[in-house]
Amino acid sequence: MIRVENLTKTFGDFTAVKDITFQVDSGEIFAFLGPNGAGKTTTIKMLTTLLRPTSGRIHLDGFDPWEKQREARQRFGIVFQDPSLDGEQTAYENMELHGILYHVPHKVRAERIEQLLKLFELWERRKDLVKTFSGGMKRRLEIARGFLHTPKILFLDEPTLGLDPQSRNQLWTHVKGLNEREKTTVFLTTHYMDEADRVAHRIAVMDHGAIVAIGTSAELKAKTATDSLENAFLALTGTSIRDEAANSADAMRRFAQMWQQRR
Amino acid sequence: MGAIYIMWLRELKRYFRSKAQIIVSLGQPTLYLLALGFGFGPVFAKAGAGSYIQFIAPGVIGMTVLFSSIFSGMAMLWDRQFGFLKETLVAPVPRIQIIFGRTLGGATVASLQGLLMLLVCLIAGFRPLHQNGVGHNWVAIPAAGIFIGMIAIVFAALGSSIGSTIKDMQGFQMLMNFLVMPLFFLSGALFPLKNLGAILTWITHLDPLAYGIDGLRGVLIGNWQFGFRWQFNFMLDFCLLAGLAAIFLGTSAWLFSRIEV
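From first to last, the protein sequence lines stand for chains A and B. Going left to right, the first sequence walks through residues 1162 to 1424 as the working numbering numbers them. Going left to right, the second sequence walks through residues 8 to 268 as the working numbering numbers them.
Just so you know, these hints were derived from the structure itself, not from any lab. Honestly, I wouldn't trust all of these hints.
Now the in silico label distances, taken between C-beta atoms and shown as ranges [stated by the list, open to error]:
no., chain 1, residue 1, chain 2, residue 2, range
1, B, I206, A, H1267, 36 to 42 Å
2, B, G204, A, T1169, 56 to 62 Å
3, A, K1279, B, A27, 31 to 37 Å
4, B, Q35, A, L1322, 39 to 45 Å
5, B, Q35, A, N1197, 42 to 48 Å
6, B, Q88, A, T1169, 28 to 34 Å
7, B, L38, A, G1198, 47 to 53 Å
8, A, E1275, B, H143, 42 to 48 Å
9, B, H143, A, P1266, 40 to 46 Å
10, B, I206, A, D1174, 42 to 48 Å
11, B, I173, A, L1290, 23 to 29 Å
12, A, G1198, B, M176, 22 to 28 Å
13, B, M181, A, D1388, 53 to 59 Å
14, A, H1264, B, A205, 52 to 58 Å
In silico DSSO-like cross-links for lysine-lysine, where the CA-CA straight-line distance does not exceed 27 Å [what the hints assert, rightly or not]:
no., chain 1, residue 1, chain 2, residue 2
15, B, K53, A, K1288
16, B, K201, B, K53
17, B, K26, A, K1299
18, A, K1344, A, K1313
19, B, K26, A, K1288
Chain A is faced by these chain B residues, among others (derived, beta-carbon under 7 Å) [what the hints assert, rightly or not]:
no., residue
20, G9
21, A10
22, I13
23, G55
24, K93
25, V97
26, A98
27, P99
28, D175
29, M176
30, E267
31, V268
Ideal placement from N, C-alpha and C gives every residue a C-beta, glycine not left out.
Working from the sequences, and respecting the hints, build out all of it.
Given below as structure tokens:
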């Protein structure tokens, strides 16, 4: 469903994504794990036609997202890291606008909006302006909206950031349910190991712009000889923050080195 | 076409939902109309130029349309800030439809504001006149509507071009001071553009709004009472605004299509 070959993105002399290659199968839930600044969001932006790759190839259901933007865009839904709703319109209007932009026929649109808003428990609030919604409700609405045009792939960029455990739990239940019922391929990024462990079929660990490991949760644990995904993650991406904190003089020296390299 | 419609409709919904905003944005032009209109009235009359309220009314209508339309385009900055812009950027429709819908929506709203301001002017005592200055000419109002619409499209498209380019609020204040206010002051909205001296005359001829105000004033009062008729003429105003509308629409579409986030 998604095939990425030697994908690279540089901004000036900074390399955000370094020669990554991976594949996501149809109907799979695939998770991208990585510390802040690992290049997860940059990768998603390239997959979703928002950024032009510096080099490498992407196939999204057979289409190159940069060359065939419209074909690619019709095939995926996306929930961005930060909200992308129109606060000045109601929940229903946000859904309707999305339906029209994604060419969902009128009759199907009304049915599906009702079905999704009910599923995500927003039907009662459909006539309220989105700016009056809580963070959790907005997230649910965004995910419901992402499913509206029955995309083949749904991208979720840290969808549970800032949500309470109840909302997170409910959200993943719905996403998993829709993945099973509608066979939607799900590509997600997250910081929460337990979430990746629970929902993802396969996980890729990313650090400093490169993929350092890829496999099922069990495979990653086996590979690093650890008992939890959290430990596997730390084994793969290092514990550099802890090292720096241990010795302040050491941290200073590293900081100075970093500056000298930049010049 | 659905995309153009829904983006247009969005602008209208936002307009009708913020009733306070409608009143507030009429406040400033109304202040100009009343304070300057009645304040400078006696001086203007003494100079033998007739009623200043008659002169300034088309100017403040143009001002209303200018501010409303150019800000509607710059409002894209808010959509960028609050994230909604991305929703429209990844949609599987040509981006030109998105930006046209937005721009036409902004222009429609600005035109409605302009017509409301015309109503305020009528309440304040302004009367549309025949070209020879004799008698009230209510037929001039639909003709004024055409110029209001054209000013609205020109500046909504300019605003959309700017909105597609600037990424933060810092740029906004600068544009306000160095673009919007000069556009307004040099347009002839507040004073006649005759006998200004070579440099200033030359600059005012570069101001697109000058042609809009001229057209608006021309059809509304005919300019007979100032010893000259139109600053320019109907055909020049009309064609120039139409040409600029096309150029700015094209520019905004091009700039919007290139946005990466």
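Consistency of the hints with the structure:
1. B:I206 to A:H1267: 36 to 42 Å: 59 Å, violated
2. B:G204 to A:T1169: 56 to 62 Å: Distance hint for G204 (chain B), T1169 (chain A) holds at roughly 59 Å.
3. A:K1279 to B:A27: 31 to 37 Å: 34 Å, holds
4. B:Q35 to A:L1322: 39 to 45 Å: Roughly 41 Å apart at Cβ, these two residues keep to the hinted range, so it holds.
5. B:Q35 to A:N1197: 42 to 48 Å: 45 Å, holds
6. B:Q88 to A:T1169: 28 to 34 Å: 30 Å, holds
7. B:L38 to A:G1198: 47 to 53 Å: 50 Å, holds
8. A:E1275 to B:H143: 42 to 48 Å: 55 Å, violated
9. B:H143 to A:P1266: 40 to 46 Å: 52 Å, violated
10. B:I206 to A:D1174: 42 to 48 Å: 47 Å, holds
11. B:I173 to A:L1290: 23 to 29 Å: 27 Å, holds
12. A:G1198 to B:M176: 22 to 28 Å: For G1198 (chain A) and M176 (chain B) the Cβ distance comes to about 25 Å; the hint holds.
13. B:M181 to A:D1388: 53 to 59 Å: 57 Å, holds
14. A:H1264 to B:A205: 52 to 58 Å: 57 Å, holds
15. B:K53 to A:K1288: Status violated; Cα separation ~59 Å.
16. B:K201 to B:K53: 18 Å, holds
17. B:K26 to A:K1299: 25 Å, holds
18. A:K1344 to A:K1313: 8 Å, holds
19. B:K26 to A:K1288: This hinted pair holds, its Cα atoms lying about 19 Å apart.
20. G9: 5 Å, holds
21. A10: Since chain A brings a Cβ to about 6 Å from A10 (chain B), closer than 7 Å, the hint holds.
22. I13: Holds, because the Cβ-Cβ distance from I13 (chain B) to chain A comes to roughly 5 Å (cut-off 7 Å).
23. G55: 50 Å, violated
24. K93: For K93 (chain B), the interface hint holds, since the closest Cβ of chain A sits about 5 Å away, which is under 7 Å.
25. V97: At about 6 Å, which falls below the 7 Å cut-off, the nearest Cβ of chain A leaves the hint on V97 (chain B) intact, so it holds.
26. A98: Holds: closest Cβ of chain A sits about 4 Å from A98 (chain B), inside 7 Å.
27. P99: At about 4 Å, which falls below the 7 Å cut-off, the nearest Cβ of chain A leaves the hint on P99 (chain B) intact, so it holds.
28. D175: It is violated, given that the least Cβ distance between D175 (chain B) and chain A is near 16 Å, above 7 Å.
29. M176: 17 Å, violated
30. E267: 6 Å, holds
31. V268: 5 Å, holds
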